[in-house]
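Chains C and R, in that order, give the protein sequences.
Be aware that the first sequence starts at 87, since it is given in the working numbering, and climbs by one per residue.
Be aware that the second sequence starts at 87, since it is given in the working numbering, and climbs by one per residue.
Everything labelled a hint here was simulated from the structure, so no lab data went into it.
Fair warning: there could be bad hints in the mix.
Which copy is meant is left open, because identical chains are indistinguishable; a pair holds if it fits in one copy or across any two.
[Claimed, not checked] Derived pair list, reagent style DSS-like, types lysine-lysine, alpha-carbon separation capped at 30 Å:
(1) 199 - 261
(2) 261 - 288
(3) 261 - 106
(4) 288 - 193
(5) 213 - 335
(6) 334 - 213
(7) 193 - 334
(8) 213 - 193
(9) 334 - 288
(10) 335 - 193
(11) 288 - 335
(12) 261 - 213
2 protein chains.
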Amino acid sequence: MSVIVAGPIALDTIETPTEKRDNVLGGSASYAAISASYFAPVQLVGVVGTDFPGEHLDIFRNLEIDIHGVETAEGETFRWSGRYFDDMNQRETVDIALNVVAAYEPKLTPSNKAARVALLANMAPQKQLQVLEQLESGALIVADSMDLWINSEREALLDLLRQIDLLVINEGEAKLFAQTRNLITAGHRLRDLGPDHVVIKKGEHGAMLFGNGQFFSTVAYPLTEVLDPTGAGDSFAGGLVGYLSSLKKDSLDFGDLSRSIVYGTVMASFNCESFSTDRLQGLTQEQIDSRFHEFRSYTAF
Amino acid sequence: MSVIVAGPIALDTIETPTEKRDNVLGGSASYAAISASYFAPVQLVGVVGTDFPGEHLDIFRNLEIDIHGVETAEGETFRWSGRYFDDMNQRETVDIALNVVAAYEPKLTPSNKAARVALLANMAPQKQLQVLEQLESGALIVADSMDLWINSEREALLDLLRQIDLLVINEGEAKLFAQTRNLITAGHRLRDLGPDHVVIKKGEHGAMLFGNGQFFSTVAYPLTEVLDPTGAGDSFAGGLVGYLSSLKKDSLDFGDLSRSIVYGTVMASFNCESFSTDRLQGLTQEQIDSRFHEFRSYTAF
Chain C
87 MSVIVAGPIA LDTIETPTEK RDNVLGGSAS YAAISASYFA PVQLVGVVGT
137 DFPGEHLDIF RNLEIDIHGV ETAEGETFRW SGRYFDDMNQ RETVDIALNV
187 VAAYEPKLTP SNKAARVALL ANMAPQKQLQ VLEQLESGAL IVADSMDLWI
237 NSEREALLDL LRQIDLLVIN EGEAKLFAQT RNLITAGHRL RDLGPDHVVI
287 KKGEHGAMLF GNGQFFSTVA YPLTEVLDPT GAGDSFAGGL VGYLSSLKKD
337 SLDFGDLSRS IVYGTVMASF NCESFSTDRL QGLTQEQIDS RFHEFRSYTA
387 F
Chain R
87 MSVIVAGPIA LDTIETPTEK RDNVLGGSAS YAAISASYFA PVQLVGVVGT
137 DFPGEHLDIF RNLEIDIHGV ETAEGETFRW SGRYFDDMNQ RETVDIALNV
187 VAAYEPKLTP SNKAARVALL ANMAPQKQLQ VLEQLESGAL IVADSMDLWI
237 NSEREALLDL LRQIDLLVIN EGEAKLFAQT RNLITAGHRL RDLGPDHVVI
287 KKGEHGAMLF GNGQFFSTVA YPLTEVLDPT GAGDSFAGGL VGYLSSLKKD
337 SLDFGDLSRS IVYGTVMASF NCESFSTDRL QGLTQEQIDS RFHEFRSYTA
387 F
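Extracted from the complex, chain C is given alone in its bound form (with noise of 0.2 Å):
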């Protein structure tokens, strides 16, 4: 079955202690669809400036993903510039210029609109209902959120909940939203809005799993070296989508929800090796699949 994944394609800027990358691919639907691509035909929907290299497009052509969806807009494509701490785990932003999606309306293609799947990416609440609402009816709804647009535009955001079938939110993000310190109750409490699953990301240390009277918990893979952890989620919830859209089942139990979070976790992981999108790229179908009984191995007993 087709994923279509909507969300912002940027050029981003990355310093870490050891290194800096200037107008490197980046953006939450990038990361996603990329990761996505390994388990299912992946459709991206977005927009990117006149100033997008023509090489970070073939970067989606050579994994087959169906840009048709991905709109040039007359101006320059959306920047974000960050900058990681020592440990890796603290990063700030420098700089961030929504430029040509500020005034992007999302237009989805007959063929997004009949994905089975769709994950709608970090982005402004109201664009990812306006991608929602294009979409035939019946498909599993997956959406990410990030702090910004809590404390902005919680109303559309709760809109958001009560029409998606499986919220992607990270650890901050959920005790912000669910106003609660306790991460057992945020993923309560956000599924009681709407979502049928939950899925709270804790970076390095793993994602929890939230169904009804359902609960599953995962570690994150041990890496010894984390070069870039720009896109981890993204590249988490892009091997969710992915995974469970290979499945080509029409009813999904928890199970098969578990271990999506592993493959989105075996992705994230690839993720952080290296720069941008760099390591996702070149991966095969072999070392994921080696990767993901590897992680099994790490947590059975």
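Starting from the known structure of chain C, arrange chain R on it as the hints suggest.
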């Protein structure tokens, strides 16, 4: 097989955002011994002052913990006082008074010396070494450490590491002692210093086990309410050694050690559900096994 637990027995004063308790039973050896007592015969080794309440000794006696190795010295019992902040993950030590612990020289009974498993709970590494030297050869030695000694007694700790089988250490201490920001690297480096196995405790984020080319990682048990996390790490270590003792095996494999970590995780979760050792004292084998199996269902995929 019998396990000895050697270390501080204390009177704690604990303040959380909602409650304060004075002079409750505390000390890392108390928590660990009570936790271990659900799995195997336990012998406690330590010192108390003449002010130590008889009802606290009865707690040990009621759980059939052998306290012949607990010396009563002239003076006051070791006291610790701490305060937790709103999220219960941060605490500060308000006051600490070593009292009778300062001049204490551990002396093991013949029965103590014959134990096949020993937990050297959090105390000065010189005292951990004194206990270790009195044990009959061939016992499995597990030691717990804390940052106080990492900073001030590095040489003694290195000496200890060369003589133990398993080191239990928390996340921050592991990074500090191994001088790296990467926890996986820290685990490997600590193993290189002597112990066959290293366990890194991550509190609410679980624990990791490092062996010779082997690795196990697990999350924590999901708690919606944490009343008092004091002693959680000690209850973890107690469950770990208790379970290992219960196996009555001459040679432990990596799976045994992985399961011991899960039992430690389960005991730590009970510990957090009440002040002091209150919850730990009233458990049944069924409750422990039930939570172990519940935990397995939460983490299997």
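Evaluation of the provided hints:
| no. | hint | result |
| --- | --- | --- |
| 1 | 199 - 261 | neither (33 Å within a copy, 50 Å between copies) |
| 2 | 261 - 288 | both (12 Å within a copy, 20 Å between copies) |
| 3 | 261 - 106 | between (32 Å within a copy, 26 Å between copies) |
| 4 | 288 - 193 | neither (33 Å within a copy, 46 Å between copies) |
| 5 | 213 - 335 | within (28 Å within a copy, 61 Å between copies) |
| 6 | 334 - 213 | within (27 Å within a copy, 61 Å between copies) |
| 7 | 193 - 334 | within (26 Å within a copy, 67 Å between copies) |
| 8 | 213 - 193 | within (10 Å within a copy, 71 Å between copies) |
| 9 | 334 - 288 | within (28 Å within a copy, 38 Å between copies) |
| 10 | 335 - 193 | within (27 Å within a copy, 66 Å between copies) |
| 11 | 288 - 335 | within (28 Å within a copy, 37 Å between copies) |
| 12 | 261 - 213 | within (23 Å within a copy, 43 Å between copies) |
Going down the numbered hints, you'll see the structure goes against 1, 4, while the others check out.
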